[in-house]
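A.B. asks: Here is how the chains run, residue by residue.
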Amino acid sequence: KNEVEQSPQNLTAQEGEFITINCSYSVGISALHWLQQHPGGGIVSLFMLSSGKKKHGRLIATINIQEKHSSLHITASHPRDSAVYICAPSPGDTGNQFYFGTGTSLTVIP
Amino acid sequence: NAGVTQTPKFRVLKTGQSMTLLCAQDMNHEYMYWYRQDPGMGLRLIHYSVGEGTTAKGEVPDGYNVSRLKKQNFLLGLESAAPSQTSVYFCASSYVGHSSPLHFGNGTRLTVT
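Residue numbers (the numbering used here), protein chains in the order written: chain A, 90 to 199; chain B, 687 to 799.
To be clear, the hints were calculated from the coordinates, so they are not data collected in a lab.
Note that beta-carbon positions come from the ideal geometry of N, C-alpha and C, so glycine has one too.
One thing to keep in mind: the hints can contain errors.
[To be verified] Using 25 Å as the maximum straight-line C-alpha spacing, the simulated DMTMM-like pairs for lysine to aspartate or glutamate come out as follows:
| id | chain 1 | residue 1 | chain 2 | residue 2 |
| --- | --- | --- | --- | --- |
| 1 | B | Lys743 | B | Asp724 |
| 2 | B | Lys743 | A | Glu104 |
| 3 | A | Lys143 | A | Glu94 |
| 4 | B | Lys756 | B | Asp724 |
| 5 | B | Lys700 | B | Asp748 |
| 6 | A | Lys157 | B | Asp748 |
[Claimed, not checked] To give a feel for the contact side, a few chain A residues facing chain B, derived at Cβ under 7 Å:
| id | residue |
| --- | --- |
| 7 | Ala102 |
| 8 | His127 |
| 9 | Pro128 |
| 10 | Gly130 |
| 11 | Gly131 |
| 12 | Ile132 |
| 13 | Ser134 |
| 14 | Met137 |
| 15 | Ser140 |
| 16 | His162 |
| 17 | Gln186 |
| 18 | Phe189 |
| 19 | Gly190 |
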């Protein structure tokens with residue numbers, strides 16, 4: 090079973106393009122996290138949201154709890170945005186705290 | 687603050703050997719996790735801890751043991767390494783579980799031959 094589906098799996102964009110990464114999940118959640126994994130392997134948390142929209146610089150994350158869907162948008166993409174973006178919904182119970190998508194690999198070409 | 691520190695960064699083991707991975711965090715987080723990451727698969731939870739002295743099994747616990755004797759440290763042990771345990775291992779911590787951001791270590795690349 091796969092509780093989290095991300096699309097697309099791979100994405101190549103020209104610098105400056107607007108990018109959207111989608112995440113659909115099947116579990117009830119209390120929060121959803123977006124993570125960024127750099128080419129060197131390190132993982133950082135970008136957003137944690139439970140409703141609506143959050144914005145940080147050129148990154149915007151939205152979530153629709155009823156539709157069980159979240160999107161990550163990158164405006165004016167830059168080569169330094171090249172990374173794997175991982176969606177991680179959390180049901181909020183004390184067991185498996187997070188489900189992880191397999192990630193969307195983004196390459197931004199200058 | 688150093689955040690989450692994992693040691694070692696790389697390790698090669700022969701089948702049957704043992705090793706311990708150390709995770710240390712200086713953020714006073716209650717929750718700590720060990721994940722493994724394999725190609726084409728999402729992060730999978732091995733074991734986790736919700737506080738000092740507590741541990742619990744995750745999705746893929748077989749072949750691993752953990753200990754959390756001090757709040758800031760979470761150790762992952764492999765008693766008898768197998769080639770199937772070749773993976774990249776990540777430690778993470780968070781303040782109150784799902785409702786606070788995850789902080790990751792830089793990972794340990796383990797190869798078992």
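A.B. asks: Would you mind marking each hint as holding or not holding in the structure?
C.D. replies: Checked hints:
1. B:Lys743 to B:Asp724: 19 Å, holds
2. B:Lys743 to A:Glu104: 43 Å, violated
3. A:Lys143 to A:Glu94: Within the cut-off at roughly 21 Å; holds.
4. B:Lys756 to B:Asp724: Not satisfied, since the Cα-Cα distance of roughly 29 Å exceeds 25 Å.
5. B:Lys700 to B:Asp748: Within the cut-off at roughly 18 Å; holds.
6. A:Lys157 to B:Asp748: Violated. Lys157 of chain A to Asp748 of chain B sits at ~32 Å, over the 25 Å cutoff.
7. Ala102: 22 Å, violated
8. His127: 10 Å, violated
9. Pro128: Interface hint status for Pro128 of chain A: violated (13 Å vs cutoff 7 Å).
10. Gly130: OK, holds: Gly130 of chain A within 7 Å of chain B, min 5 Å.
11. Gly131: 5 Å, holds
12. Ile132: Ile132 of chain A check passes; min Cβ-Cβ to chain B is 4 Å, inside 7 Å.
13. Ser134: At about 4 Å, which falls below the 7 Å cut-off, the nearest Cβ of chain B leaves the hint on Ser134 of chain A intact, so it holds.
14. Met137: Where the cut-off is 7 Å and the nearest Cβ of chain B is about 5 Å from Met137 of chain A, the hint holds.
15. Ser140: 13 Å, violated
16. His162: 19 Å, violated
17. Gln186: 5 Å, holds
18. Phe189: 3 Å, holds
19. Gly190: Hint holds; Gly190 of chain A Cβ to chain B Cβ min 6 Å, cut 7 Å.
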